[in-house]
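Using the sequences and the hints, build the whole thing.
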Amino acid sequence: MNRESLYPARFLHNFLSGIVPAEVLSLVFGTVNPQFGLRFALLYWFIMSPYLLYLYNREKDALIKKYGWKEGRGIVLRLLFVRYFIAGIAPTAATVEKYFGENIPLLLLLGLIWAVIYAKVLADANRPEVPHYWAMKLVNGSA
1 MNRESLYPAR
11 FLHNFLSGIV
21 PAEVLSLVFG
31 TVNPQFGLRF
41 ALLYWFIMSP
51 YLLYLYNREK
61 DALIKKYGWK
71 EGRGIVLRLL
81 FVRYFIAGIA
91 PTAATVEKYF
101 GENIPLLLLL
111 GLIWAVIYAK
121 VLADANRPEV
131 PHYWAMKLVN
141 GSA
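Okay, so the sequence shown: first residue is 1 according to the working numbering, each after it adds one.
None of these hints come from the bench; they were simulated from the model. Take these hints with a grain of salt, some might be off.
[Said to hold, decoys possible] Each computed DSS-like pair below joins lysine-lysine, with the alpha-carbon atoms no more than 30 Å apart:
no.	residue 1	residue 2
1	Lys137	Lys66
2	Lys120	Lys66
3	Lys65	Lys120
4	Lys120	Lys137
5	Lys120	Lys60
See below:
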């Protein structure tokens, strides 16, 4: 199978695996003190940056060898973006709580938007290499 035919299955796989954590995190950080969400995001970015940059350097060489300079570099940058993007749920949910109160439907919508962006970026980065069997079956009708 070529990469374009696996794209919808990758997107569905990433969306289904990201929707629950995105919803839970948006509800948790949207219903506690807004300062907690902001501090959590800054602490996550500060503490995780050395490890995320280490992963970036390690994956960059392997992906450039596999896909070529332009495409491999794009994939590794998307992966780096997603890894920093995860902590962005906390300040966004804290901002929603600060200006709109504990608005549960708005926080659920926020989690849905984050899950869609997460799935799109990971699917663009060819992750996972082989989507789950059920995601392929749902997309293709048969696998």
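Discussion item. Against the 30 Å threshold, does the CA-CA distance of Lys120 and Lys66 hold or violate the hint?
Written reply: Distance ~21 Å between Lys120 and Lys66 Cα, so the pair holds.
Discussion item. Checking one constraint from the list: CA of Lys120 to CA of Lys60, max 30 Å. Satisfied?
Written reply: 20 Å, holds
Discussion item. Run the distance test for Lys137 versus Lys66: straight-line Cα separation, threshold 30 Å.
Written reply: 28 Å, holds
Worksheet item: Is the Cα-Cα distance between Lys120 and Lys137 30 Å or less?
Response: 19 Å, holds
Worksheet item: Is the hinted pair Lys65 and Lys120 satisfied, with a Cα-Cα distance of at most 30 Å?
Response: 24 Å, holds
Of the hints listed earlier, there is not a single one the structure fails to meet.
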